[in-house]
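Participant: Under this note's numbering, think of the first position of the sequence shown as 7, with each following residue one higher.
Everything labelled a hint here was simulated from the structure, so no lab data went into it.
Beta carbons are placed, not taken as given, at the ideal position from N, Cα and C, and that holds for glycine.
Fair warning: there could be bad hints in the mix.
[Said to hold, decoys possible] Okay, derived cross-link-like pairs now, SDA-like style, lysine to any residue, Cα gap no bigger than 25 Å in a straight line:
no.: 1; residue 1: Lys-161; residue 2: Leu-34
no.: 2; residue 1: Lys-87; residue 2: Val-17
no.: 3; residue 1: Lys-87; residue 2: Gln-37
no.: 4; residue 1: Lys-87; residue 2: Leu-100
no.: 5; residue 1: Lys-161; residue 2: Gly-15
no.: 6; residue 1: Lys-161; residue 2: Arg-77
no.: 7; residue 1: Lys-161; residue 2: Asp-35
no.: 8; residue 1: Lys-87; residue 2: Pro-39
no.: 9; residue 1: Lys-161; residue 2: Arg-84
no.: 10; residue 1: Lys-87; residue 2: Gly-15
no.: 11; residue 1: Lys-161; residue 2: Tyr-16
no.: 12; residue 1: Lys-161; residue 2: Thr-89
[Stated by the list, open to error] Across the chosen pairs, the derived CB separations fall in these ranges:
no.: 13; residue 1: Ile-149; residue 2: Val-56; range: 24 to 30 Å
no.: 14; residue 1: Gly-167; residue 2: Asp-118; range: 58 to 64 Å
no.: 15; residue 1: Ile-149; residue 2: Asp-78; range: 28 to 34 Å
no.: 16; residue 1: Ser-67; residue 2: Glu-171; range: 21 to 27 Å
no.: 17; residue 1: Arg-88; residue 2: Leu-140; range: 23 to 29 Å
no.: 18; residue 1: Arg-160; residue 2: Pro-39; range: 36 to 42 Å
no.: 19; residue 1: Leu-144; residue 2: Thr-117; range: 27 to 33 Å
no.: 20; residue 1: Ser-124; residue 2: Pro-39; range: 55 to 61 Å
no.: 21; residue 1: Arg-160; residue 2: Pro-70; range: 27 to 33 Å
no.: 22; residue 1: Val-110; residue 2: Gly-174; range: 38 to 44 Å
no.: 23; residue 1: Arg-157; residue 2: Ala-53; range: 31 to 37 Å
no.: 24; residue 1: Val-110; residue 2: Lys-161; range: 25 to 31 Å
no.: 25; residue 1: Gly-174; residue 2: Leu-140; range: 45 to 51 Å
no.: 26; residue 1: Ile-135; residue 2: Arg-160; range: 33 to 39 Å
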Amino acid sequence: MAETQEVAGYVSPYPYVQRLQDRMDEILDRQIPNSGRFCGFCYARLARDVERCPYCGAETSDPPTVDRVPRDALIIYREKKRTEERWVYGGAMLGLLIAAGVFVALVVYGTDLVGNRSIALGIAFLALIGGGYLLAQLFGPLICGQVGYLRGSRKRDELWGRFLEERGREEEG
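Given these sequences and hints, build the entire structure.
Facilitator: Structure (structure tokens):
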């Protein structure tokens, strides 16, 4: 099997799953079809002449290749993607709410601080627009995106481990 590698502070127990995430996202987003020749172990797309999977290192004869990625495997990858998206969008909304709070505070108390209502409103709108953008970028992808990535990766790897156990039981029984 492939060696472990650390990505964003997380070491996956299944490094081939980590490397396949982008390929599976393309299938989930319907950018590429879920048909062709796939590794029977990790479901990586394979060329016709390949005898060993470049992702997991499994021989293409055992387990035999499949013609599509199973729905259960795609659901595992989708869970990682959804978890990460929720954290990113939630963090961006938090940044926008903070900017809106600063805007309201400047509208209410800005005239007392600056002395001129027009200037206070101008500063408030700059804080809303510019601050909203900056805080959404800070909290969304930069801070909460890291948390979402780690949680999503752990969740995906936990689900993948269960998937492998269930698949092993089915092959034995």
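Participant: Against each hint, give a clear statement of whether it holds in the structure.
Facilitator: Results for each hint:
The suggested pairing of Lys-161 with Leu-34 holds, with an alpha-carbon distance near 18 Å, which does not exceed 25 Å. The straight-line distance between the Cα atoms of Lys-87 and Val-17 is roughly 17 Å, inside the 25 Å bound, and the hint therefore holds. Proximity of Lys-87 to Gln-37 is assessed by CA-CA distance (about 15 Å); at most 25 Å being required, the pair is judged to hold. For the hint linking Lys-87 to Leu-100, the alpha-carbon distance of about 20 Å falls within 25 Å, and the restraint holds.
The suggested pairing of Lys-161 with Gly-15 holds, with an alpha-carbon distance near 15 Å, which does not exceed 25 Å. With a CA separation close to 17 Å, the supplied pair Lys-161 and Arg-77 stays within the 25 Å bound. For the hint linking Lys-161 to Asp-35, the alpha-carbon distance of about 20 Å falls within 25 Å, and the restraint holds. Restraint check for Lys-87 and Pro-39: satisfied, since their Cα atoms lie roughly 19 Å apart, inside the 25 Å limit.
Restraint check for Lys-161 and Arg-84: the C-alpha separation of about 11 Å stays at or below 25 Å, so the hint holds. Restraint check for Lys-87 and Gly-15: satisfied, since their Cα atoms lie roughly 18 Å apart, inside the 25 Å limit. The hinted pair formed by Lys-161 and Tyr-16 meets the criterion: a straight-line CA distance of about 12 Å does not exceed 25 Å. A C-alpha spacing of about 8 Å is found between Lys-161 and Thr-89, which places the hinted pair at or below 25 Å, so the restraint holds.
Look at Ile-149 against Val-56: about 41 Å separates their beta carbons, and that is not inside 24 to 30 Å. Range check, Gly-167 to Asp-118: about 59 Å between beta-carbon atoms, so the 58 to 64 Å window is met. Remark: the range hint 28 to 34 Å for Ile-149 to Asp-78 is upheld by a beta-carbon distance near 32 Å. Our hint of 21 to 27 Å for Ser-67 and Glu-171 holds, since their Cβ atoms are close to 23 Å apart.
Taking the beta carbon of each, Arg-88 and Leu-140 are about 26 Å apart, inside 23 to 29 Å as hinted. Take Arg-160 and Pro-39: their Cβ atoms lie about 30 Å apart, and the range 36 to 42 Å is violated. The hinted range of 27 to 33 Å is satisfied by Leu-144 and Thr-117, whose Cβ atoms lie roughly 28 Å apart. With their beta carbons about 58 Å apart, Ser-124 and Pro-39 fall inside the hinted range of 55 to 61 Å.
At roughly 31 Å, the beta-carbon separation of Arg-160 and Pro-70 lies within the given 27 to 33 Å, and the hint holds. Between Val-110 and Gly-174, the C-beta spacing of about 57 Å breaks the proposed range 38 to 44 Å. At roughly 34 Å, the beta carbons of Arg-157 and Ala-53 sit within the given window of 31 to 37 Å. Taken as a hint, the range 25 to 31 Å is violated for the pair Val-110 and Lys-161, whose Cβ atoms sit roughly 37 Å apart.
Here the CB-CB span from Gly-174 to Leu-140 is close to 49 Å, well matched to the stated 45 to 51 Å. One distance hint, 33 to 39 Å for the beta-carbon pair Ile-135 and Arg-160, holds here, with the actual separation near 37 Å.
The structure fails to meet hints 13, 18, 22, 24 from the earlier list, while all remaining hints are met.
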